[in-house]
Every structure is written in C-alpha cells, then in structure tokens.
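Trainee: Residues per chain are reported as follows:
Protein chains: 2
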Amino acid sequence: MQDTFFTSKQAAEMTGCTLRQLQYWREKGVVVPTIRSTGTGRSVYYSRSEVMELAVMEYCLGVGLNFEVAAATVKQLKDEGLILIRDEKAPQRFMLWWDGKKGKLELVEFDSKKAIAYLDEGKPVIPMCLDVIYQQLVNKIQS
Amino acid sequence: MQDTFFTSKQAAEMTGCTLRQLQYWREKGVVVPTIRSTGTGRSVYYSRSEVMELAVMEYCLGVGLNFEVAAATVKQLKDEGLILIRDEKAPQRFMLWWDGKKGKLELVEFDSKKAIAYLDEGKPVIPMCLDVIYQQLVNKIQS
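Here the protein sequences line up with chains U and E, keeping their order. Residue numbers are given in the numbering used here: position 76 of the first sequence equals residue 76, and the series is strictly consecutive. Residue numbers are given in the numbering used here: position 43 of the second sequence equals residue 43, and the series is strictly consecutive.
Take the hints with a grain of salt, since some may be wrong.
[Unchecked claim] Simulated DEER-style distance windows between Cβ atoms:
no.: 1; chain 1: E; residue 1: I35; chain 2: U; residue 2: R20; range: 24 to 30 Å
no.: 2; chain 1: E; residue 1: Q142; chain 2: U; residue 2: D111; range: 22 to 28 Å
no.: 3; chain 1: E; residue 1: V32; chain 2: U; residue 2: Y24; range: 28 to 34 Å
no.: 4; chain 1: U; residue 1: Y24; chain 2: E; residue 2: E109; range: 35 to 41 Å
no.: 5; chain 1: E; residue 1: K140; chain 2: U; residue 2: R20; range: 40 to 46 Å
no.: 6; chain 1: U; residue 1: R20; chain 2: E; residue 2: E106; range: 23 to 29 Å
no.: 7; chain 1: U; residue 1: L19; chain 2: E; residue 2: G62; range: 39 to 45 Å
no.: 8; chain 1: E; residue 1: E80; chain 2: U; residue 2: Q136; range: 32 to 38 Å
If you are wondering where the hints come from, they were derived from the structure by calculation, not from laboratory data. Computed from a predicted model, the values in this text were never measured in an experiment. Beta carbons: idealized from backbone N, C-alpha and C, even for Gly.
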C-alpha cells in the first residue's frame, strides 16, 4: 500500500462503502479525514489508516452490528493505535464478545480457548481479523 | 408461565423493551399482538409467544445487532415454529453465523464444532439460547 491519500470516491470504492456513509461518518466523527479544504467540504482526502478505518466500519456493519457498536469498535482500535498494521508481530486478530457484567460488547485480543468458553456460556463472539481486512484492501488497491 | 395475555406495559417491563420499541415493532410488523381493539390502538395484548418474540428482539439488539438482523432472526424463529419452548426435546440453542457465500447472517442449530470452525475462519458466531431467554422471562413473571 503506497503512502498516498485517496479521494472520497476512491475510498468508497476500495472499502465497499457508499459516499453517503462516508459523509455521515464524517459528520458523526467516526472516520474524519485529516485533509479537508475549508469552506466547500468537497476536497476530502483519506489517508491509508483512515481507509482502513472505513474498511473496519464496513466489516462491522456487514456482519449485522449496529452503528454504535461499529463506531465504538473503530474508535477503540484507533485509540489503541491498532488500526494500521505496521508490525507483523503486533496483534492483528481481535474479537468482540458480550460482557454481561458491563452490559456491552468488549474488544479483546483473539483467544481461541476464551472464544470457545464464551460460546459455551451463550455469549456472542465476533472475530475482528484486521490482517484479513487489510489484505483485502491491499488486493483492491493493486487490482 | 400462565396461558394469559399481557398489556404493552407488562410486556415492556418483562422484556426490558420500551413502549416506543413495542409500538415501532408493531408498525414494522416485527412483533404484532394478536389481540388489538380496532380504532383506538390502545388496547394491545401480547400472548406468551409474542412476549417471547419481544425478548428475542431485545436480546438481539442488546448484543449489538442491527434492527434488520434482529427482526429477520425473530421472523425465522417464528416461521419455523421455534419461538415457544413447549417440548424439552426440541432444539433450543441456535446460533447466527456469517455466511460469506450468501453475504448474510444465517440462523442454524447450535453446533459447538461448527461454531469453533467458523471462528477459526474469522466468522462471527452469535449463540441464541432460547431456553435461557425463556427462563429469564419466566423468572421475571414469577418475581
């Protein structure tokens, strides 16, 4: 993936999102591109990591999660600096699971044994394979 | 659980749903009570199985699923006559999993081996334990 920026149209095509979604997420502060011309709001450029954020949003919504959970997941990955895969040794597989005590979905590193235990207890487990999402993005850019 | 009917208020309290949600789901045809007085729309009574449908909606939304997936899940359970647990031998544990070929979540009987295989492939698995949801409902009615 080159160190470049992408227009809204390019970012939408790469991630399978619509331009309307991108606009809505900008308004809601979910994925806000760093480069924006003041005034018109027409010139919007997404960095590589921002495109990756869009792809994660699309993944979350695509598996049937609601907007709030999808946005919270992107935010947490972003806050923890995990959205861009720079280091092969960094954890790339996470999972969302239902935390009954907190009453919400929690994002943690993927752990097969834990995942199975959660399922046995009737808790949902949603894998978040950032490496897979990232690779799909790279493939689209190269094609 | 007695063979009785419940008002909107009772049904909302039992399931943790809001009256606004119940109204919205009636309008959308997701959970439509069989007994309704014509005209005013004020006298609405939910049967036991309809209250169970509400509880399943609440469960699906509570684990972060969007409205469409939650409604589709309730519809499928209803269509297949699985919403009310009458027979202990009937399957009570299902799971939603991501069907990449169909591009949507599928509802199938819970199978631990399959669930683990799906997770290993990076697919989300959301257990639907109807017996647990049903028991929680019974406990609330009795308390």
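Trainee: Now tell me, hint by hint, if it's right for this structure.
Mentor: These are the hints, each one checked on the structure:
Restraint check, I35(E) to R20(U): a C-beta distance of roughly 41 Å breaks the suggested window 24 to 30 Å. Between Q142(E) and D111(U) the Cβ separation comes to about 38 Å, which falls outside the hinted range of 22 to 28 Å. As the Cβ distance of V32(E) to Y24(U) is approximately 31 Å, the hint placing it in 28 to 34 Å holds. Restraint check, Y24(U) to E109(E): a C-beta distance of roughly 37 Å satisfies the suggested window 35 to 41 Å.
Separated by about 41 Å at the C-beta atoms, K140(E) and R20(U) satisfy the suggested range of 40 to 46 Å. The supplied range of 23 to 29 Å is met by R20(U) and E106(E), whose beta-carbon atoms lie about 28 Å from each other. Checking the proposed 39 to 45 Å range against L19(U) and G62(E) shows it is violated: the Cβ atoms sit about 32 Å from each other. Our hint of 32 to 38 Å for E80(E) and Q136(U) holds, since their Cβ atoms are close to 34 Å apart.
Comparing the model with each numbered hint stated earlier shows that hints 1, 2, 7 do not hold.
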